[in-house]
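Visitor: Residue numbers (the numbering used here), protein chains in the order written: chain L, 1 to 166; chain E, 1001 to 1166.
In short, the hints are calculated from the structure, not lab data. None of these values were measured; they are calculated from a predicted model. All residues carry an ideal CB built from backbone N, CA and C; glycine is no exception. Treat the hints loosely; a few may be bogus.
What the hints assert, rightly or not - Pairs of lysine-lysine, DSS-like flavour, derived with a Cα cap of 30 Å: (1) L:Lys80 <-> E:Lys1080; (2) L:Lys80 <-> L:Lys109; (3) E:Lys1109 <-> L:Lys80; (4) E:Lys1119 <-> E:Lys1109; (5) L:Lys109 <-> E:Lys1080.
To be verified - Here are some chain E residues the structure puts well away from chain L; computed CB gaps all over 12 Å: (6) Arg1012; (7) Arg1025; (8) Val1029; (9) Met1035; (10) Glu1058; (11) Lys1109; (12) Ala1118; (13) Gln1121; (14) Arg1127; (15) Leu1129; (16) Leu1130; (17) Gln1137; (18) Gly1155.
Number of protein chains: 2
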Amino acid sequence: MRIIGIDPGSLRTGYGVIEVDGRGRLRSVGYGCLMVAGRPFLERIGAIHAGLLEVLAEFRPDEAAIEAVFMARNADSALKLGQARGAALVALLQEGLPVHEYTALQIKKAAVGGGHAAKEQVQHMVRILLSLSEAPQADAADALACAVCHAHHAGTRAVWAQGASR
Amino acid sequence: MRIIGIDPGSLRTGYGVIEVDGRGRLRSVGYGCLMVAGRPFLERIGAIHAGLLEVLAEFRPDEAAIEAVFMARNADSALKLGQARGAALVALLQEGLPVHEYTALQIKKAAVGGGHAAKEQVQHMVRILLSLSEAPQADAADALACAVCHAHHAGTRAVWAQGASR
Chain L
1 MRIIGIDPGS
11 LRTGYGVIEV
21 DGRGRLRSVG
31 YGCLMVAGRP
41 FLERIGAIHA
51 GLLEVLAEFR
61 PDEAAIEAVF
71 MARNADSALK
81 LGQARGAALV
91 ALLQEGLPVH
101 EYTALQIKKA
111 AVGGGHAAKE
121 QVQHMVRILL
131 SLSEAPQADA
141 ADALACAVCH
151 AHHAGTRAVW
161 AQGASR
Chain E
1001 MRIIGIDPGS
1011 LRTGYGVIEV
1021 DGRGRLRSVG
1031 YGCLMVAGRP
1041 FLERIGAIHA
1051 GLLEVLAEFR
1061 PDEAAIEAVF
1071 MARNADSALK
1081 LGQARGAALV
1091 ALLQEGLPVH
1101 EYTALQIKKA
1111 AVGGGHAAKE
1121 QVQHMVRILL
1131 SLSEAPQADA
1141 ADALACAVCH
1151 AHHAGTRAVW
1161 AQGASR
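Construct the complete structure from the given sequences, taking the supplied hints into account.
Guide: Right, dumping it as C-alpha cells:
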C-alpha cells in the first residue's frame, strides 16, 4: 500500500509518500515541499492544489493522511492555514483517495515515540525510520511522519481484522 | 460579461451569476446555495469544490468575485471557513477565472448603499436590483451582492480606461 502524508501550509506544503509491504516494512517513495511563498495569496492556493495533483499523478498513492487541525495560533493564521488545507484536501478528494486524519499527538508518537518533539527530532527519526541518506526538510519530514502514522494505524487495524476473523 | 459571486461557508456556500451588458445593466442568470451541512467535514469540502465545478460548467462565467476575509469570530470558525473558501477558490482558479476580492464593506455598499446592513436588507435590495420575483436565500443573496459589487467596480474601471484613452 502506498500512502501520501500531507503537511499543508500557505507558505510551504510538505508531502511524503511511503510504501508499506505485507510485513509492515516501510520505505520512502518520494517527498518534498511545495514552496509557494512570495506570490499573491490566491495564486498560492491555486499552486498548492495544482502542485499536489502533479505529485499524486507521479506517485499514485492509495491512501492519504493529514494532520487534523482543531486550533490555530489565532484567527488570522487559521484562515490562511484553512485555505491551504482546503486546497490540499480538494486535490486528494478529487482523485478519490481515502483521507485519514490524525492528531499532532498521534503523529509525533508514531515518529518519535512521544507527543512533545522538536522539529529536528521528527526530521531525525523520520530519516532513521525510512533509512534516508539525509534528513528531509521540516515540512516534508512532518508529512512523512503523518504517512508513517497512518501506516502504523492501518497495520494495527489489519492485525485486528485478522484476529477477529480467526 | 458574466460574473459569478461566491459566498463560501462550510455549511452553506452561496453562488450567484449575473450578466452585465454594454450599458452596465445587470440581470441575474442563476443563483443558489450548496447545502453541505450534515455530512462529515471532509466530505463537505469535497462537495463544495465538486458542486461549484458543476455550477461553473452550467453558467460559464467570465470572472469571479468573492469576499475578502481578514478576520473571523475565532480560530475554530476561521479554520472551517478557510477550508471551505480554499475549496471554492480552487474550483474558480482551476477553471482559469480571474478572481477579484472585495471587502464586506464594499459589497454592502454596492448592494444597499451602506456598510451596516442586515441580511434581510441585502436580500431585499438584491431582489430589487436584479428584478427577481422573490428574495434569494441569504447566502445566495450575499453571493449575488458580491457579483454586483464586481460589476460596479469593473464598470468604473472601464469608464476610467475610456477616459484615459481619449
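Visitor: Each of the hints needs a verdict: does it hold here or not?
Guide: For each hint, the structure was consulted:
{"no.": "1", "hint": "L:Lys80 <-> E:Lys1080", "verdict": "holds (11 Å)"}
{"no.": "2", "hint": "L:Lys80 <-> L:Lys109", "verdict": "holds (27 Å)"}
{"no.": "3", "hint": "E:Lys1109 <-> L:Lys80", "verdict": "holds (26 Å)"}
{"no.": "4", "hint": "E:Lys1119 <-> E:Lys1109", "verdict": "holds (13 Å)"}
{"no.": "5", "hint": "L:Lys109 <-> E:Lys1080", "verdict": "holds (26 Å)"}
{"no.": "6", "hint": "Arg1012", "verdict": "holds (16 Å)"}
{"no.": "7", "hint": "Arg1025", "verdict": "holds (29 Å)"}
{"no.": "8", "hint": "Val1029", "verdict": "holds (24 Å)"}
{"no.": "9", "hint": "Met1035", "verdict": "holds (18 Å)"}
{"no.": "10", "hint": "Glu1058", "verdict": "holds (18 Å)"}
{"no.": "11", "hint": "Lys1109", "verdict": "holds (22 Å)"}
{"no.": "12", "hint": "Ala1118", "verdict": "holds (23 Å)"}
{"no.": "13", "hint": "Gln1121", "verdict": "holds (26 Å)"}
{"no.": "14", "hint": "Arg1127", "verdict": "holds (30 Å)"}
{"no.": "15", "hint": "Leu1129", "verdict": "holds (27 Å)"}
{"no.": "16", "hint": "Leu1130", "verdict": "holds (27 Å)"}
{"no.": "17", "hint": "Gln1137", "verdict": "holds (23 Å)"}
{"no.": "18", "hint": "Gly1155", "verdict": "holds (22 Å)"}
Every hint, counting from the list given before, is met by this structure.
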